[in-house]
Amino acid sequence: MAFTKKDVTLSEDRPKTLLLQKHSDYLASYGLNKDDYEYCMTEYLRMSGIYWSLTAMELMNQSSRMPKEEIIEFITSCQDKESGGISASIGHDPHMLYTLSAIQVLAMYDRVNAIDVEGVVRYVASMQQEDGSFFGDKWGEVDTRFSFCAVMCLSLLHRLDAININKAVDFVLSCMNFDGGFGSKPGSESHAGLIYCCVGTLSICKRMDALHADELAWWLCERQLPSGGLNGRPEKLPDLCYSWWVMSSLSMLNRIHWVDKKNLEQFILACQDPETGGFSDRPGDITDPFHTLFGLAGLSLLGNENIKPVNPTYCMPQETIDRLKLEPQILLI
Amino acid sequence: MSDSGDSDVSWIFYKDRPEWSDLTPVPENDGPKPVVVIAHSEKFEDVYDYFRAILQNNEKSERALQLTKDAVELNPANYTVWQYRRDLLQALGTDLKSELDYVEAVIKQSPKNYQVWHHRRVLVEWLKDSSLELELTRDALLQDPKNYHAWQHRQWAIKTFGLFDKEMEFVDNLISEDVRNNSAWNQRYFVMNNHHGWTDMNVQKEICYTLEKIKFVKNNESAWNYLRGVLLHDKKGISGNTIVTSFCEELYLNKCRSPYLLAFLIDICEEAIKKEETNSLYNAQRALELCQSLATKYDKIRSKYWNFIGEKFRKYQKSENI
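The listed protein sequences correspond, in order, to chains L and S. Using our numbering, the letters of the first sequence correspond one by one to residues 1 to 333. Using our numbering, the letters of the second sequence correspond one by one to residues 334 to 655.
Source of the hints: derived by calculation from the structure; they are not laboratory data. You can take every hint at face value.
Here are the computed lysine-lysine pairs in the DSS-like style, where the Cα-Cα straight-line distance is at most 30 Å:
hint	chain 1	residue 1	chain 2	residue 2
1	S	LYS499	L	LYS236
2	S	LYS568	S	LYS538
3	S	LYS633	S	LYS548
4	S	LYS492	L	LYS138
5	S	LYS348	S	LYS376
6	S	LYS441	L	LYS138
7	S	LYS588	S	LYS546
8	S	LYS630	L	LYS261
9	S	LYS546	S	LYS633
10	S	LYS445	L	LYS6
11	S	LYS633	L	LYS236
12	S	LYS548	L	LYS6
13	L	LYS6	L	LYS261
Can you make the complete structure from the sequences, with help from the hints?
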């Protein structure tokens, strides 16, 4: 009992090599031959779906397979004239999550001017609260995810001046827990996905010095299980998306070498579906664009040379971040 | 599991309902083609076509409220439906108590959904009545003791309405049921931090409680992390509390080699070095040996980490020798 852990076992017949062509085909046809019911179920997060797919395609150098002009037109029609925010799909309400996804896509295409940039800046700034936190939409849900959305979005537009950065940082730091990790709000449990959001916010705001780096990095390393995969909280099952959230955080902390890269790579590769293409949360499950992006981005951080370098803060190709002359902070050891 | 697909025989499409015949359905405005070519399930398409129609006309009516229920049932994660439902509740002056019952039922079906929990919170704020929240979250946590949404809602209700009184009892029960439940340990810290406070006596009490739990299961990351958290409030640090250090040494003598115990001993060594209070037990040499045993035997998957930490102690050793 004392040494049991929740984990999965990798089978011998698992995929052991990277099936790039399969993934490119999978994403190119996603929505064409996808189960229809599931597809319309995802309308409410379409904008993020486009970001996941396009970024994955960019990392594979296959983005020409995506319908660029139609995507840009779609984004334009998702911008709310009044608030300036962007919604998941046409006719939906604007939200910080989808505003960020849209800006990320436009930044990769170098076409941010296709939308009303000032409107987006106004929208994001209007979500900041007195304590420095951010709402996700007009209904007032507060979460450190939205802090990250705000600073990432504005930095991609070179308009960080539109918000109170010090207060934004203070709020994020108020969510730091006794174990060095971060949750969604002050007092909420540490969670690897939210740690990524908080570390990312500090990276963009160049305040990485405020972290308890060694303590936090150790907590992140503890997420690795014997299968090689990473979980998001103690005593939870491994999930491929944490390969991104944990590894990108460790990259920003400059401590990525603390995990067992070989084992993690095996786990990520095992999450591929050799028939349909794409990656899933755990070996044998159904694949989706979300896990496909984080699988590829994770492999990129591990140094796979068939995938373009990804920026750990932005989860976008490094070449885009360089073109925009952005320099998110990486901690010096 | 409830089936929201097309198997429901008694279902009548909105397009076939006479009371809806005044409205023209609005199909989804397709986005970029290869990303969005859709042949929706018929029921889903029907409901959402009419939802888009009421949205477009800004129709505030009882039938619209009913329609949002069908739309939620088909996809509880659609945040626009929930937002419109709240607009409707306000415009129609609907009884919010019955809405509480309704959202409770949806939470039971979709306990891991941001939108439902947020809807619940808005209702509680409107009603300024938190009397049902502890029970609601307790039920959700019985189903899944680590449900992040339920914990967030519970913390919010406790903090906003001052419901701390029986929370420690609740936490005790959860930890007794599963001593590795990290969410429960986090809640323990939350209650101590926001309610009981870290007086010297409380710090000692929490230390004793945690050591008891570690004695029961030694390889428990959550309990060891909590112990560190408590010791942040101990003026003597993590190396100065003899109850803690003798507990650890006893475990070690009894051949316990849990990576968390060894890591803790390393931290005690480091603090002793920094305070210049090294002794025969806590010094750079011992820390280095512990790092080596973790890297090569007890925590091999993190060998790179332990080698890195080991290097730090090698440097301490050198400066000790100068």
